[in-house]
Every structure is written in C-alpha cells, then in structure tokens.
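*Asks:* Here is what each chain is made of, one letter per residue.
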Amino acid sequence: MFKVERLSLNSGPFSEISPVITSDGIIFCSDRRTSGITYRTSFDNRRLYNIYFAERKDTSDWRKPVMFKSERSALFNNGPLCIAPDSITVYFTSEIETGVPTKSRRFRNRSGIFTGQLSGNEILSIQPLKFNNSEYNLGQPSVSSDGRYLFFASDMTGGQGGSDIYYCEWVNGEWSDPVNLGPDVNSSAIENYPFIHPSGKLYFTSNRPGGMGGLDVYFSIKTGDEWETPVRLSEPVNSSSDDFALVAFPDLQKGYFSSNRSRNDDIYEFVTTIIRKSTCNVLEENNYCYEFVEENAVRYDTMPFRYEWKFGDGNTADGKIVEHCFAGPGTYVVQLDVTNLVTKEVTPNIKSDVLVIKDIEQPYISCPDFADAGQAISFSADSTNLPGWDIGQYYWNFGDETIAVGKNVKKTYLRPGTYNIQLIVSARPGTDGTIREACISKDILIKQQP
Amino acid sequence: MKVNTAIYRFLLFTLLTALIPLPDLFSQAVPGKDENIPYLVTFGKNGETSWGDNDFRSIFFFTIPRDYNRQFYIKVFDPDAGGENDEIQGLWDSRTLFSVYGGKGVDPDKNIESRGLEPDDNFKSGNLLASRVFGNDARYDNGYYAFGPFNPTEGEFNEKWKSYIFKIVCEGVSGDDGNLFRYFLSREAGSDLPIEGANAFTYEYTFRMWNDMKSIAHIYPYVDTGIVSIRQKNFDWDDDGVILVVSTYKQGLPVPISNEDDYAESTIPVEQQEIGKSLDFQFHKKQSSLVRNNNVVVSLKNQRGDALQFFSSPIGGVPVYQPLTRIRKIQKK
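These protein sequence lines are chains A and B, in that order. If you number the first sequence the way the working numbering does, the last residue is 701 and the count never jumps. If you number the second sequence the way the working numbering does, the last residue is 334 and the count never jumps.
Looking at chain A on its own, in the form it has when it is part of the complex (with noise of 0.2 Å):
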C-alpha cells in the first residue's frame, strides 16, 4: 500500500523529525550541528533541536536546509512547529522556563506551546500559550485547515496516561480550554504528534500494546460526537522501530513521517500505491426522460386543438407540453397528432421527430447508495459504457485506502460514514502505445449495523 523512501536532506548523525508540509517544500527539526566548531547544547549537553526548512530543489532533492531563527533559538529547544491557515502564523513547541531556575541541574524544564509571526527566516513576536504550565509538558501543535481547532499532546494530569492527545477551539478570539480527545484515542500508553488533515483525519503517534515496536502511526476519525477506534497505518510506514509524526498532502497520497529505523531520527516520504484520481467524474445516472413542447401552441394558447404525442415505443400523452420518460436507450420516432376541435379534423404526424437516445459514455458503478456497515456489498461494472474502448482493467478504489481489481467486486466496509468510490477504467495500449483512462465516482453511505 506504500512505498517509503528515506529523504536525501537528513543528516548523518543528527536526528531530523516532525515534517510540515509548505507549498515549496518542508519545515523541519533537526539537532543538526549549526557550525563547524560546537553544538549548541543545553545545560546537560543534549543538543538542542531547531527548525530548519528546506527548499524542494526538483521531485527527489532538496536545497540545503535553512534555521529559521527566533529568540529563543540558542537557548532552548525549538519545534514541533506547525502553521496556521494565514501561512504567517506558527505554533511550536519550546521550553517554559526561561529564568534563574534553568541554571540549576536539578531543575526540570517543562514544553509549552509558543505563537510566533513567520517573516522570512525568523520568528518574530514569539507568545506563549495561556495554558502552558510548569507543572507538565505541552508540544506538538497541530492547527486544522479551518483554523479552528489546534490539536496538540500533553501529559497533563486527569488524561487516559502517559501523555495523550488535546483539543482547543478558537472561540472569541482565543483558544478555548484544552479538551481530552478521550479513550477512544488515547490510551495509558503515550500518544503524541497529533496532525489534523483536511480531510478530517486525525494522525497521531503511539507506543500501545498491539502496535510493530516501538511508537506508530495510527488515525482516527471524528463522526459526529465520537473519535472512531483508530487505525494502524501498514508497514512500511510502521516498522519495529520508531515512527511518529506523521503529515500528509490534501490527497493523501504521499506524505511525510520520522523514523529511527536507520539508528538516527530521519524524515521519510511515504507514496501510497492506490490510485486515486485528483480529478474524477462524477457518476451520471442515464436519464430516459424528456420533455416534449409544441412552442407555437404555447406561445399562443391556441385552445381549439387537442395535441397528440406518440412516443414510438407505443405511448402516448395528450397536451401542449407534455412529459415521458423511454424504458432506455433507443431510436425512436415521436410523431405529433392535432385534431381541430372546431372541425374535428385530425391531422395525423403534423410533424415527427427522431430521437436517439444513448446512455452516457463512462465508466459505471453499479453498487447500492447505501449500506451498513460489516455487510458485503457487490460492485459491478458491467454497466460501463464506452463505445470502442478495449478495456484491460477495471480498478476499484473504496475510498477507504482499500482497492479491489476486477469487472465485479465485493467489499465490506468496517466503519459508517460516506465514501467516494472510484471506478477507473483502463483500455488495452493502442498501436501507437497509449493507454486511455477514464475515472468515474460515486458516494456510499454506510450505516451503522443496526
């Protein structure tokens, strides 16, 4: 379902984690050694991690990464970063305390949340969070796509154990209380780097019990009021080592996590290989109904007549403007009968018309609109309709990360919610080598099983 490639911008010895995706490229943290004569440490010598970005030079190298300075940089642990819709706002994780106590050794410096203004290299106008607390750890901030939620992990007390998942809302002008996402997410164990989606899918980290080793990906989705029981992403995104922090494009087909599966904390890419079109059609229902006018009679209302529509598949409908709907596709001749009620006089087929009538061309999903969850649904093709196209493959892809292949497929779906299905269809290569494609979709309910 994946394929996983160690990106060429992490460094030897030093540990690169927690990637944010921008339009030209990745931001991330690094212990990277910033000069050629000392690592910046803390009081006990860990080096301390910053937030570099690096610039996508083509689609498999990088430029050389760049530190965004702060303040706060060369005294403190910098990152996890994440931005907020206005592309000048971040949040990032960094250390409380900042006076006398951080000298002494025995002194246990707790991670807040910090805001900060984006100008070029540098950020600027650095603010704590109102909830930052000596007392526990905040980091690892996540805003969603609507600006409207900021996830974030923190071993607060009254939380499932460990440290767990948090949610503030942006409600008048600043963050709510931080809300627990619950044991439907959290566990005793730890649970951290959160990533919203746009998509609404919640990624997060954890070591549970059940996992490959180590911290793992997992996801969850919200429906309605309630987080659905999360998910393990595959290997090779999870491995017996340490994977966490896990981000993803809008489509969801590549992205980017940290792993130590090469000893060193390293930023992978992750490409899925389920095919998912960007731009897909959406099914269109072949539709047999047509109207049928007599314009000049409308335009006129000229009352003494009596208009007669045959059809040519042996109805008929009486009127000025009148409707009927053909059993399917077809030629058919639709004639006009008038009688003059004045007179009485028919005249027979004052005008007749040939209709044609095709089904659409595309690809077509023959599937219920809904179903429940846990019952096995057929999928069918065999509907499909393009004229002079030798089809090679028919490529189901659920819109759950699952894909079938085949003209007639079954799948069950484990959770409700409404899922795009597409439906692609390939034809053979033609002489002169090219493949046509086309995509076709269409939306399914799955209920809860009742």
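Think of the hints as simulated: they come from the structure by calculation, not from any bench. Cβ coordinates follow ideal geometry from the N, Cα and C atoms, glycine included. Hints are not guaranteed to be accurate.
Unchecked claim - Far from chain B, some chain A residues (derived; all Cβ distances over 12 Å):
#  : residue
1  : Arg257
2  : Asp309
3  : Asn383
4  : Asp428
5  : Gly451
6  : Arg459
7  : Tyr539
8  : Val544
9  : Ala548
10 : Pro555
11 : Val589
12 : Ile601
13 : Lys602
14 : Phe621
15 : Lys661
16 : Pro667
Said to hold, decoys possible - Which chain A residues face chain B? A few, computed with CB under 7 Å, are given here:
#  : residue
17 : Asp476
18 : Trp478
19 : Glu596
20 : Val605
Following the hints, complete the assembly by docking chain B onto the known chain A.
*Replies:* Okay, now just chain B, sitting in the frame of chain A:
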C-alpha cells in the same frame, strides 16, 4: 373513332389539370378558389346593417401585371338583384351600380381615399372607364356581365406590385335587397381565361358564408413589412362559430367574434417570420345549428392604423402551419 377522340380529350384534360396549378388558373376569381366564399354581397342603401353590410358598398382592386399587354374584361357574375342567388327583403327593389375606374387616383397606395374605408372618402377617384346599373334583371341572373375591353395601361401603375391597378366599385344605390355576386378577370368576354400573374384585393371584405356547417371560408390578408401587430374588426357574424387565424407560426388563434349588428375587435401579434406572407383567417361556422344567409364584414389595420389588403390569391400561397416542437431532457421522475 368518336369514342377514341373523346377518350383522348379526357386524358388530355386530365393531364393538363394535373400539370397546371389550380390557384394560378383561378387566380383572378373574386372570391378566389382558396377562399371558399360563395359570394360577395352588397345591400341596397335602404337595407339594415344588421343584415351584414355596414356601408352598402364594396370596393375591389385588380392588378394586371405590366408584362401583359392585351385587352381584358372584368366580368360580374349575377350582377342583378333578383332571381336565384340574391337576398330578397320584401320585394326585389334594389338597384346596384358597378363602376370600373382606372388612371390616376385609383392606386390605393398613392390615394388612401380610393380604399373607401371611411364614410366620407372619395372612393370614386380615378377615370371612370365603365359603369352599369342592375336591377331585377333575369338576363343576368346566374349569368355574366362583362365590363371592357380594357387596356392594361388604362390602370394606374403601382411600382410595388409591378402592375396596373383597376378598381371596381359596387354600390347599392337604392332598395334594400342583398345583391350577391362574384367577379372574374378574363382575357375574353365570353369565356373565363385568366391573366397570368393578375390578382385582386380589397381592404374591407363583405361576403356571404355558405349555408353549410361544414364549409370553412378563408380570407388572406397580406402582412407587409413593418407590421408588428394587427387590429382585426369583424362585423355582424351573428355569433356563428369560430374565427381562427392561421399562419406558419399560428395553428389557429381564436379571435373574438361579433354578434348580430355589432363589431368585435382584437389585436393579433405578428411574428417577424410572418412578414411578407399571408395570414389565413378561417371562418368556421357554428356546428350546433345552421345560421342561414350569414353575411360578414372584416377589416384589418396594422399598429399604425393602416388597413391591410386581402388578396383573392394569397401572396406567398396559402399559409400552412408548421409546428415548432422542442424536445429537452428533464430530471428523471
């Protein structure tokens, strides 16, 4: 041998009948063949308007194409007021004057009063070429009287129709009987030989309906350039059925109909595509009971108040309605 000759003649006649378009053959009959009107009617000036004539006169114009350079006659069928076809009121006491005019002052395009639509109009304009008064005269009952011969150039030339215009006025000068008659334009006095391309028109049509519920009378006004609407006025139709307006774009637009001795008026919109063609005013008689001896007067004016011409042979031919059907896909029911 005689039998064979008769057969050949019959076959030749049949062949000619099939080859020659009938509207052209009878184009100078007034009323025209397509009009299916039995007679024009003019009452003596002492008659009642409730009998179906509002002004006791009838004015028709004949057009002789300029490339016709021979003599011709204007024949009147049954010009007398008496006998078989006419409408008696008491005793046969009507006298009817028929007058043929040519020369300057006849062309109604140049001289509006020549149309005779208003009571004070000098409709006798032009050169009087011939006239005759008919009373109850059995010689002309069910027979013809031929005015002429006339030379085409005795008419007034009309550039628009490329024709010489002649006018024939019928006046009920005394009495109260209804004179029912027909006109015919002919190259000869003693036979009916039409002039190719000739036509006849009037501005106010006073005619007799058939005493037959099935027969439909037609009159064909010409829709000239610039007309956007027509004001129709019909008089004394005795509530005798339905009047429908038919054109290529109108299948049968009903118009208000008059009752005994009254007028009914309405406005009819005109389509751009109807310009330069004729409308078909159809007079469908009442089917519930037969109204006998019904005479009716019809006149039309455009939006500027100018009168429209009714041609005996419709300009552009008899309009045939062409349905305009539209088929469009709709949402599945």
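*Asks:* Look at each hint and say if it fits the structure.
*Replies:* Hint check results:
1. Arg257: Its Cβ never comes within 12 Å of chain B, the nearest being 54 Å, so this holds.
2. Asp309: 48 Å, holds
3. Asn383: Label holds. Min Cβ-Cβ 57 Å, cutoff 12 Å.
4. Asp428: 50 Å, holds
5. Gly451: 32 Å, holds
6. Arg459: Arg459(A) is indeed farther than 12 Å from all Cβ atoms of chain B, at 50 Å.
7. Tyr539: Its Cβ does come within 12 Å of chain B, the nearest being 8 Å, so this is violated.
8. Val544: 5 Å, violated
9. Ala548: 6 Å, violated
10. Pro555: 6 Å, violated
11. Val589: Label violated. Min Cβ-Cβ 7 Å, cutoff 12 Å.
12. Ile601: At about 5 Å from chain B, Ile601(A) fails to clear the 12 Å cut-off, so the statement is violated.
13. Lys602: 4 Å, violated
14. Phe621: Its Cβ never comes within 12 Å of chain B, the nearest being 19 Å, so this holds.
15. Lys661: Check passes; 28 Å lies beyond 12 Å.
16. Pro667: 28 Å, holds
17. Asp476: 36 Å, violated
18. Trp478: 39 Å, violated
19. Glu596: 10 Å, violated
20. Val605: 10 Å, violated
Violation of the numbered hints given earlier is confined to hints 7, 8, 9, 10, 11, 12, 13, 17, 18, 19, 20; the remaining hints are satisfied by the structure.
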